[in-house]
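In terms of the numbering used here, the sequence shown has 25 at position 25, counting the first letter as 1, and numbering is strictly consecutive.
Because the hints were derived from the structure by calculation, they are not lab data.
With a straight-line cut-off of 30 Å between C-alpha atoms, the simulated DSSO-like cross-links for lysine-lysine are:
no.	residue 1	residue 2
1	Lys47	Lys26
2	Lys47	Lys73
3	Lys47	Lys65
4	Lys65	Lys26
5	Lys26	Lys73
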Amino acid sequence: MAKESRGVMTTGWYDRMIQALQLNGKEERTQQAYTRAVGMLCQFYDKTPDAISEQELLDYFLHRKNLSHWSPKTMRICYCGIRFFFTQVLRQDWHIFHILRAQTEHRLPTVLSVQEVSSLPACVRTFHN
Numbered sequence: 001m002a003k004e005s006r007g008v009m010t011t012g013w014y015d016r017m018i019q020a021l022q023l024n025g026k027e028e029r030t031q032q033a034y035t036r037a038v039g040m041l042c043q044f045y046d047k048t049p050d051a052i053s054e055q056e057l058l059d060y061f062l063h064r065k066n067l068s069h070w071s072p073k074t075m076r077i078c079y080c081g082i083r084f085f086f087t088q089v090l091r092q093d094w095h096i097f098h099i100l101r102a103q104t105e106h107r108l109p110t111v112l113s114v115q116e117v118s119s120l121p122a123c124v125r126t127f128h129n
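I would like the entire structure built from these sequences, with the hints used as guidance.
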């Protein structure tokens, strides 16, 4: 990730987060998603992450949920990335991290697989007089 895209998330914080993510066994894509979430938070407030307060975090999450209309999956990545950074890198144990929950999204598949279609007749019961 280029330094410019991280906004005010300085190289020091970025490097510390990457190291913590690697030590925690997170995959490359997870590392990218989590650092992007923290970078967007820093850009939103134009502050370094250590200067962001718990109330600002709460306001940020509400803004993204209610005004930006982020999907539950996007909110979950945002919550997890920011929670990881603040608890593992900054060692903050704020109340907000104990109440964060992204609602579960239940979507029906658009197309059934061959195996799913073939299992449908087994679910049908016939009427016996």
